[in-house]
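Add chains D, C and E to chain X, keeping to what the hints say.
4 protein chains.
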Amino acid sequence: MRTKEDFLKSISDGRKVYYRGRIIDNIALHPTLKIAAMHAAKLYEYSNRTYEDPQFRKISRFFKIPVSPQDLLERYKLIYDLTMYCNGIFNISQAVGSDALFALLITTKTVDKKFGTNYYERTKKYFEKIVKEDLTIALAQTDVKGDRSKRPFEQVDPDMYLRVVATKSDGIIVRGAKAHTTQSAVSDEIIVIPTRTMKDNDRDYAISFALPVNTSGLKLYIRPIDEVEGNTSAVISKKDYEFETLTIFEDVFVPWDRVFLFKEYEYAGFLANLFATYHRFTALSYRSAMMNLIIGSSILVARSNGIENEKHVRDNIIDMITYKEILRSCAIAAAINPIYIEGLAIPNPIIVNVGKLFANMNFHNMIKI
Amino acid sequence: MRTKEDFLKSISDGRKVYYRGRIIDNIALHPTLKIAAMHAAKLYEYSNRTYEDPQFRKISRFFKIPVSPQDLLERYKLIYDLTMYCNGIFNISQAVGSDALFALLITTKTVDKKFGTNYYERTKKYFEKIVKEDLTIALAQTDVKGDRSKRPFEQVDPDMYLRVVATKSDGIIVRGAKAHTTQSAVSDEIIVIPTRTMKDNDRDYAISFALPVNTSGLKLYIRPIDEVEGNTSAVISKKDYEFETLTIFEDVFVPWDRVFLFKEYEYAGFLANLFATYHRFTALSYRSAMMNLIIGSSILVARSNGIENEKHVRDNIIDMITYKEILRSCAIAAAINPIYIEGLAIPNPIIVNVGKLFANMNFHNMIKI
Amino acid sequence: MRTKEDFLKSISDGRKVYYRGRIIDNIALHPTLKIAAMHAAKLYEYSNRTYEDPQFRKISRFFKIPVSPQDLLERYKLIYDLTMYCNGIFNISQAVGSDALFALLITTKTVDKKFGTNYYERTKKYFEKIVKEDLTIALAQTDVKGDRSKRPFEQVDPDMYLRVVATKSDGIIVRGAKAHTTQSAVSDEIIVIPTRTMKDNDRDYAISFALPVNTSGLKLYIRPIDEVEGNTSAVISKKDYEFETLTIFEDVFVPWDRVFLFKEYEYAGFLANLFATYHRFTALSYRSAMMNLIIGSSILVARSNGIENEKHVRDNIIDMITYKEILRSCAIAAAINPIYIEGLAIPNPIIVNVGKLFANMNFHNMIKI
Amino acid sequence: MRTKEDFLKSISDGRKVYYRGRIIDNIALHPTLKIAAMHAAKLYEYSNRTYEDPQFRKISRFFKIPVSPQDLLERYKLIYDLTMYCNGIFNISQAVGSDALFALLITTKTVDKKFGTNYYERTKKYFEKIVKEDLTIALAQTDVKGDRSKRPFEQVDPDMYLRVVATKSDGIIVRGAKAHTTQSAVSDEIIVIPTRTMKDNDRDYAISFALPVNTSGLKLYIRPIDEVEGNTSAVISKKDYEFETLTIFEDVFVPWDRVFLFKEYEYAGFLANLFATYHRFTALSYRSAMMNLIIGSSILVARSNGIENEKHVRDNIIDMITYKEILRSCAIAAAINPIYIEGLAIPNPIIVNVGKLFANMNFHNMIKI
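Quick note, the sequences are listed as chains X, D, C and E, same order.
One point on numbering: in my numbering, the residue at position 242 of the first sequence is 534, and numbering is uninterrupted.
One point on numbering: in my numbering, the residue at position 127 of the second sequence is 419, and numbering is uninterrupted.
One point on numbering: in my numbering, the residue at position 279 of the third sequence is 571, and numbering is uninterrupted.
One point on numbering: in my numbering, the residue at position 120 of the fourth sequence is 412, and numbering is uninterrupted.
Note that these hints are calculated values from the structure, not bench results.
You may find that some hints are simply not true.
[Said to hold, decoys possible] If you anchor each label on the Cβ, the simulated ranges turn out as follows:
no., chain 1, residue 1, chain 2, residue 2, range
1, X, Asn652, D, Lys603, 17 to 27 Å
2, X, Ile610, C, Glu600, 40 to 50 Å
3, X, Asn652, E, Ile591, 15 to 25 Å
4, E, Lys326, X, Asn565, 43 to 53 Å
[What the hints assert, rightly or not] With the Cβ distance kept under 10 Å, some of the chain X side facing chain E (calculated, not the full set):
no., residue
5, Lys437
6, Glu521
7, Gly522
8, Glu602
[Claimed, not checked] In silico lysine to aspartate or glutamate, DMTMM-like type, Cα no more than 25 Å apart, as pairs:
no., chain 1, residue 1, chain 2, residue 2
9, D, Lys660, C, Asp611
10, C, Lys648, C, Asp607
11, D, Lys603, X, Asp439
We put the CB at the ideal spot given by N, CA and C, even for glycine.
Okay, chain X solo, but in the shape it has when bound (with noise of 0.2 Å):
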């Protein structure tokens, strides 16, 4: 299998990463940047992370294809204990690239049937190389979108959404930008998907495609890391991080074999919302293990000055118990109750998404107490 060591050598291969307005060479060695090159690395350390795949041999847990309520309890209790062993951060590495790529194999099959296409066939292959490589992979979804009461066509600054500029006979020429993309800077692929519904007029923007992170064109811009450069106590972890990039398409070429969508307009919210539901048991799975760090440091602050028996207090951790077993429930609950498309077992969509509306009205809460 693949080392951590592998892994950091790989990602320094000439990708352009900028941070503060200067490009960095090796984002290994950059002081706060590393971070993220280190936690991404904690994948490969983690003990428990394989299994022998009848297909494969022995490969990521990641990448086992769920075809039952069972496996989908084990990807929760996956993505749980990775957390738990990366200090309650998530590590994303693998896990939304396998969300993403299990929407990617349920949605071309789709559309192959009612289109005579043979996209399924490119995204296996994809697959198959990603699983034997042991990848990571980023997802790049949330276009920055411009006027918000306007659909992509409709902007005035046609590049508000990713769009194919220009069809070759090899491939495709894409443009645009990608929001909060996180550890592009830090994964070995990329995967592009659509982030909303499109219409007829849209179709240009409706499109799915893989791409090396040092691909030619591709640019990250990662976000200013103030609340751990700076000297605050703002930062639940230091020792953990993931960081996000503004992730810009200039005129990037996409060989046809890589491309999984290409103006399907019909489909483009079926794979957002596909990716969505399972990248949504992913939070649900990470999050309620990502309490247990907020809970714990609540709870020495309390023991620090000498509180944590007040009632007050005692009230409040109850609280944070009470939001992260309901995480916990549903992405089990889900996990129990899945739908079938294609044969993959989905985690059940309106659990999933009552979980996730459920813990994002009441994380604020969570961050007052």
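Frame of chain X; chains D, C and E shown alone:
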């Protein structure tokens, strides 16, 4: 198996039931109270209510002793489905009794090990009788309590908690009252357990036993059911309903073979909590089903006022669905992660309590909506 | 000044009041309904209820036309204090009527300026009659509405909103029903105003007028008061209480001098909102007083259970005090920052609406507590 | 009157200010810290800041001693308006100091009556100096506290609360540290008061006094202002801002005429609470003004995303307006219903505390929105 008719006949057995100041001869004929009798009887109509047990042959699924996550999942499903069969109203007839019996099977075995008593054998025999005769059981736990800042033995009036007042060769005499005993007037049996943790001085209050509802000295006062008898629209269902009694024990004799705890104060809290854990799991199961009645009613009201598609109404419906699915998820997750004592599977206590806390804290908001 | 006895005698005047299917001859003698009559009559017992008016001599303080912050502050205090005199229950007898009369004085002057009508003179004369005879007034605003997604003229049944059905030389004929008319059965007069903004096609619904409660064709159906007549403890007061009616106008004749708005649909919303502004100010005033009843009851319940000093109980009491004082603060701040139309001081609309929104959004939480 | 230039010149007076490990010579020239200096100086630019006082002639309106509801209403308005002048950011320069001085005038008179001391004369003289020289004042109250379950004298480290370490003929020596002292680095004076109720054994900690900020032994450590110096958009204003210090008293000498409380532990809580009452009133006043900045920013963000008319966005704006107007209403109602001690009007303590509690409990929700 016992039929609806068997059941209805058997509850006209000389039991002392009072309503609005009068004694009620046949509850199944009273214009208001028959609602509760007919609702209870629905248990016996429900088609999917039995299974083939290796020990007992065909028995009620409520009495299947849970020994695995799967058993608990099926119990959740049974309670959910029977509630739906009863138009969204919980059918407590064998649910609360089996919750109590599971808790008693565990507690008595534990007490016997500690004190060399033989409560477990008595409990097991009583359990077998219930199962074979397919009886319904009410559960009396909540004492009237008096001054809540004082323990049972400290109360000015010694009868604020139910207690042993005399011990005889063939049994014991108990005195006191239990509040809010659901459906006792239409049950075959009544099981009594302590309501709280107790200490040395409280030993006379540390008792558990069972009685047929028509036992001499037992008096049941049904609360006024104004919400059904008035003309208001305040009641959510007039088809299905359950009524509580103030249950008075006027120096009632209990034979030894129906006594399951006798002054072992160390286990009063253990039994009370264990029952609560099973019963809160039951509550999560039926309340999530009951929410369908409330959600459906809300949608009907909105539709008849022409506002079903208004944003704020849809937001309210989403809030209700969120509430329901969180309850359901907690039930499922508690089933999937049981703890085990004496071989019985107990729904995960943390998840069960988190779910119940969430349910109670947010119930008023559901009603506001 | 009018006395309690004068008032009680005068409401036995042939008015058509129905309760639980029967016509009620003398409401002051009915075992349940007399609670509302005696409560209304308390207005006339309250010692601090009059002042010397330069125009009218000694009159009820409710009819002092507000022209300054000080007048509004005194009105807030009057409503608060009278509510306390009535054991925490609002006394609407002259409160809602004066709210409506202030709104009508402003609206009619505004309409007259626009259309050259003479509604203001009529309103003024009616106001003087009310003041001199020291009458009580109910206010009928809320139509039964039907399909709320449709405007009044669009309803399948044209009587879903109250409307003019005929115009005669000496007056108009009106038909329809108003819901939730508080204390109409024990008032001398009833004032009718529109419930919403209206447009051109709704002009037949854009009407305002006043009638003695015993007018021919007017029928009052009191809702079932189950919470008092039952044996439950669900009602917070049996000493003081106010009852609502469904108020039916069966082709009722209204003479012109009692018509205050007639098809000027442009001002239906203006009048409705202006009344609401005055009445929400009234609501903030009496509800903050009513909270004393709820807070006091809660403390008594806590004390009798021996838990008044428990931390969570104290937190709950603090939450109730916070709620009460915010309502009171909004009433005071609205009085201090009035707006003025036609010389009358109107409680600050933003603050009044913020206060009422807060009051309604949090009321269920107060009840939960 | 003192000018902005006078003020800026005067704060370059040898005071010991540290920032990110370095001593700062002239705070008004430091790229980050000058924001706080320029913000403080705005007080002297504000056109409506003075009035004609019968005793002092033309003075800052902050120093008008409140003796009536009208005085408190004007003080609320002054703080609200100056906050608006400073782009929604509170200007504490003379606000917190006058809050403390009013509390000291009352407390010292009360203590003198009890103990025959002469603190009131000292306080009055100090107050007159401040008024005549038109100075700015910081307020140091919050001790670092250590173990909060222990009283000051019980702490393992005796310097967890600021205390007297020596008494001399001409004054006292104090030692300790105060946390979160807003704008101390750009104030002329600093007033110290106790942070809590104290008992007999705590008497060395029951002290109050004032010092020029450049007093020998006084050291001010400004917290890292990451949110301004970083590149994030996390800070709501870079034009106006106030910075806090950890304020260290390293055996500082205080002459007797600047000592206002000296071991009269019985009044430590009285002074702390009285200051808090005045200052919470100040907080309600400026925070309601600050909400305009947050509401305005939110609307701008919504507009630039094209979602300003979406129902959920409008609901959020309404929630923010509700929050703001409740704060404002509490300030107004507290002003209208003062209590009086020693002739000074004090904002109503119940309303002030209710308002502050509401403000703090709901602030995180405002930020979530």
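Outcome of the hint check:
1. Taken as a hint, the range 17 to 27 Å holds for the pair X/Asn652 and D/Lys603, whose Cβ atoms sit roughly 18 Å apart.
2. Hint check: X/Ile610 to C/Glu600, Cβ distance near 23 Å, so the stated range 40 to 50 Å is violated.
3. The beta-carbon spacing between X/Asn652 and E/Ile591, approximately 22 Å, falls within the hinted interval of 15 to 25 Å.
4. Distance hint check: the CB atoms of E/Lys326 and X/Asn565 are about 51 Å apart, consistent with the given range 43 to 53 Å.
5. Hint on X/Lys437 holds. Least Cβ distance to chain E is approximately 8 Å, under the 10 Å limit.
6. Hint on X/Glu521 holds. Least Cβ distance to chain E is approximately 7 Å, under the 10 Å limit.
7. Annotation: X/Gly522 was flagged as interfacial toward chain E, and the flag holds, the nearest CB pair being 3 Å apart, inside 10 Å.
8. With a cut of 10 Å, the hint placing X/Glu602 at the interface with chain E holds, because the nearest CB-to-CB distance is about 8 Å.
9. A distance of roughly 18 Å separates the Cα atoms of D/Lys660 and C/Asp611; the hinted pair therefore holds under the 25 Å criterion.
10. About 23 Å separates the Cα atoms of C/Lys648 and C/Asp607, which keeps this hinted pair within 25 Å; it holds.
11. Between the alpha carbons of D/Lys603 and X/Asp439 the distance comes to roughly 21 Å, so the proposed pair stays at or under 25 Å and holds.
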